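From first to last, the protein sequence lines stand for chains A and B.
Quick note, in the working numbering, the first sequence goes up one by one and the last residue is 283.
Quick note, in the working numbering, the second sequence goes up one by one and the last residue is 324.
Mixed in with the good hints, there may be bad ones.
Only part of the chain B face toward chain A is listed, based on derived beta-carbon distances under 7 Å [what the hints assert, rightly or not]:
| # | residue |
| --- | --- |
| 1 | G16 |
| 2 | L90 |
| 3 | W96 |
| 4 | E108 |
| 5 | M112 |
| 6 | R116 |
| 7 | L130 |
| 8 | V131 |
| 9 | V153 |
| 10 | F251 |
| 11 | A255 |
What the hints contain is simulated information worked out from the structure, not anything from laboratory work.
These figures come from a predicted structure and were not determined experimentally.
All C-beta atoms in this analysis are idealised placements derived from N, C-alpha and C, irrespective of residue type, glycine included.
Next come the chains, spelled out residue by residue.
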Amino acid sequence: MVVIARLTVRELVRRRVVWVLAALSIVSVTLVGWGLERLVALAREDGVDELQIRIGVSQVLILIAFMFSFVLAMTAAFIGAPAVGGDLESGIALAILARPIRRAEVLLGRWLGCSVVVVAYTVLSGLLAIAAALLVSGYGPPEPFLAVAFLSGQALVLLSLTLALGSVLPSIAAGAIAVVGFGLGWMAGVMAGISTALGIELLGRVAEVSRWLLPSDGLWRGVIYGLEPPLVLLLAAGEAPDLANANPFYAAAPPPPAFVIWSVVWVGVVLGVAAWWFERRDL
Amino acid sequence: MPVTASVTNPAIELDGIVKMYGRTAALDGLNLRVGHGELVGLLGPNGAGKTTAIKLLLGLAQPTAGSGTALGAPLGDRATRGRIGYLPELFRFQPWLRAREVLRLHTELARMPSARRDSAIDDALAHVGLVDRADDPVSGFSKGMQQRLGLGVALLGDPDLILLDEPTSALDPIGRTDVRAIVRAARDRGATVILNSHLLTEVEQVCDRIVILHQGRMVASGSMDDVVAVGGVRLRVTELDDGASEALARFGPVAVDGEWLTIRPLDRSRIPDVVDAIVGAGGRVHAVEPGRGSLEARFLELVVGLPSAPPPQEQPPVAHEPWS
Numbered sequence: 001m002v003v004i005a006r007l008t009v010r011e012l013v014r015r016r017v018v019w020v021l022a023a024l025s026i027v028s029v030t031l032v033g034w035g036l037e038r039l040v041a042l043a044r045e046d047g048v049d050e051l052q053i054r055i056g057v058s059q060v061l062i063l064i065a066f067m068f069s070f071v072l073a074m075t076a077a078f079i080g081a082p083a084v085g086g087d088l089e090s091g092i093a094l095a096i097l098a099r100p101i102r103r104a105e106v107l108l109g110r111w112l113g114c115s116v117v118v119v120a121y122t123v124l125s126g127l128l129a130i131a132a133a134l135l136v137s138g139y140g141p142p143e144p145f146l147a148v149a150f151l152s153g154q155a156l157v158l159l160s161l162t163l164a165l166g167s168v169l170p171s172i173a174a175g176a177i178a179v180v181g182f183g184l185g186w187m188a189g190v191m192a193g194i195s196t197a198l199g200i201e202l203l204g205r206v207a208e209v210s211r212w213l214l215p216s217d218g219l220w221r222g223v224i225y226g227l228e229p230p231l232v233l234l235l236a237a238g239e240a241p242d243l244a245n246a247n248p249f250y251a252a253a254p255p256p257p258a259f260v261i262w263s264v265v266w267v268g269v270v271l272g273v274a275a276w277w278f279e280r281r282d283l
Numbered sequence: 001m002p003v004t005a006s007v008t009n010p011a012i013e014l015d016g017i018v019k020m021y022g023r024t025a026a027l028d029g030l031n032l033r034v035g036h037g038e039l040v041g042l043l044g045p046n047g048a049g050k051t052t053a054i055k056l057l058l059g060l061a062q063p064t065a066g067s068g069t070a071l072g073a074p075l076g077d078r079a080t081r082g083r084i085g086y087l088p089e090l091f092r093f094q095p096w097l098r099a100r101e102v103l104r105l106h107t108e109l110a111r112m113p114s115a116r117r118d119s120a121i122d123d124a125l126a127h128v129g130l131v132d133r134a135d136d137p138v139s140g141f142s143k144g145m146q147q148r149l150g151l152g153v154a155l156l157g158d159p160d161l162i163l164l165d166e167p168t169s170a171l172d173p174i175g176r177t178d179v180r181a182i183v184r185a186a187r188d189r190g191a192t193v194i195l196n197s198h199l200l201t202e203v204e205q206v207c208d209r210i211v212i213l214h215q216g217r218m219v220a221s222g223s224m225d226d227v228v229a230v231g232g233v234r235l236r237v238t239e240l241d242d243g244a245s246e247a248l249a250r251f252g253p254v255a256v257d258g259e260w261l262t263i264r265p266l267d268r269s270r271i272p273d274v275v276d277a278i279v280g281a282g283g284r285v286h287a288v289e290p291g292r293g294s295l296e297a298r299f300l301e302l303v304v305g306l307p308s309a310p311p312p313q314e315q316p317p318v319a320h321e322p323w324s
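The whole structure should be built from the sequences, with the hints applied where relevant.
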């Protein structure tokens, strides 16, 4: 497994994926820093209250994180889908799988290698963006490491799904399913919030179940919680908590530990089922 | 009628292997035994089941029915795969690696002891003529060079069983000659080699035994002489009385052309009796040439039902020495 993981990291370096991601991180962090600096400067010129500026920066940061989570979903799909599926389609896998190695080792090795790169990209890009915001606005989110950890978890969920699907389906189909799944998961989260606020019980349940079926949106709530200033939480909780919860960019609390544990188990189950299927697949 | 080699303690044994892909039978009750150290050519038209048979030996596909062993272990046994070298028909290697790195990766995957790796890689590069390109990226390799690299991967660490699926499909005549030498060298050191090809001349020139598959079944198996035998014998005889040739008519129709006698048809097992009869009649036997057709003619006869080879007397003398 370690041999395959090392091979995967080397592949992502040699095929310039790592360098492209690093360059994109620098560009996006620069743009975030520049944009926030301009916004904060304009707000201060207009005499906006410093507290409001802080809240504004926090909301912009959450929006940026949301867009980044979409970029991560796409990155996970582009990296994960061909990791096993591409090798099967090109024939590269034949010579490897004829060696005394379990197919599960190949699958998990590919997952491990891709995970290292995706998590490194998430952590580097996420923390740099937060640091840039802190530098230009003076605002730092309350739980930056928690937010980045949940963002990494979300990326790993999508990477696991794409890679697992790629071992049994054509890679293009696997990538498409993962991206659509990410979107549907987010929509399910939104629907769950709205239906709770409006008291539509059945829709709420369906949305809640789908949130557990693909835990990416649940983990996204952890990202928001990590970026949300305590003042916003206090304000939202004091007025209409149900309506506040319907806001897809608000989280009153981090995902419960049971959900976090489920997310880890979910990754294990998805990879386990894929490995079981892959072991039995004719090549 | 197909002949199955009688081999004790075979390197490969397949019993009644059936492989279905949906409703299509890629293999339909294949029985095959290959002895240790044999160099066997697996022939057949496209879709005959050659590649499927090789994949089953490696566990890359699972049989629908039947059983088998490779090097004494069940098909696909993980530990045993460490003793098998394989060149896939669809040979593709990581284009972003260098040739030496591809070989190193396979030494690691084969769990070769670290101390042996460098020498095994150097040997493989030398065998396939890639020493000068060892540190070049695979992406810059021609198809033929990639096939050479694939052959190097298959030969890494001197495996006991080597499975080569169309190993010369991308090679020029020089490369094909090299491959024949490599394959023979592997056989000479004791490895069992399965050469899967649809190039009849290639198989004819290098293999000890030929197995012809058609529609997932074995339709012929044996040495080249066994497979291409068309019956009859041609003999160069001197000092034989005119009347003696009439006595030979009990074996079959006799044709005389100078010093050459041809008896056809004749079962191959009766050739020694013919020689005995000639010697008994005072004749001197200078040459005995069992009737032999061409592999191509025999292949076409078995696969598409075309008539067999022309009579033996029409064969040029060089055709009787195929193992040059």
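Quick check on B/A255 please, does its C-beta sit within 7 Å of some C-beta on chain A? violated (54 Å)
For the hint on B/E108, does the least C-beta distance to chain A fall short of 7 Å? Interface hint status for B/E108: holds (5 Å vs cutoff 7 Å).
Hinted contact B/W96 with chain A - closest CB pair below 7 Å: holds (4 Å)
Restraint: B/R116 near chain A, CB-CB cut 7 Å. Satisfied or not? violated (15 Å)
Hint check: 7 Å Cβ-Cβ cutoff, B/V153 to chain A: holds (6 Å)
With 7 Å as the cut and Cβ atoms as the points, is B/V131 at the interface with chain A? The hint is violated - B/V131 has no Cβ within 7 Å of chain A, the shortest such distance being about 21 Å.
Answer holds if the nearest beta-carbon of chain A is closer than 7 Å to that of B/F251; otherwise answer violated. With a minimum Cβ separation of about 52 Å from chain A (threshold 7 Å), the hint on B/F251 is violated.
Against chain A, is B/L130 within 7 Å by beta-carbon distance? Status violated, d = 16 Å.
Would you check whether B/G16 satisfies its interface hint, that is, whether its CB is within less than 7 Å of any CB in chain A? At 19 Å from the nearest chain A Cβ, B/G16 fails the 7 Å test, so the hint is violated.
Restraint satisfaction for B/L90 [CB to CB of chain A, less than 7 Å]: OK, holds: B/L90 within 7 Å of chain A, min 4 Å.
So, as I understand it, the hint says B/M112 touches chain A; can you test that by seeing if any CB pair is closer than 7 Å? It is violated, given that the least Cβ distance between B/M112 and chain A is near 10 Å, above 7 Å.
Comparing the model with each numbered hint stated earlier shows that hints 1, 5, 6, 7, 8, 10, 11 do not hold.
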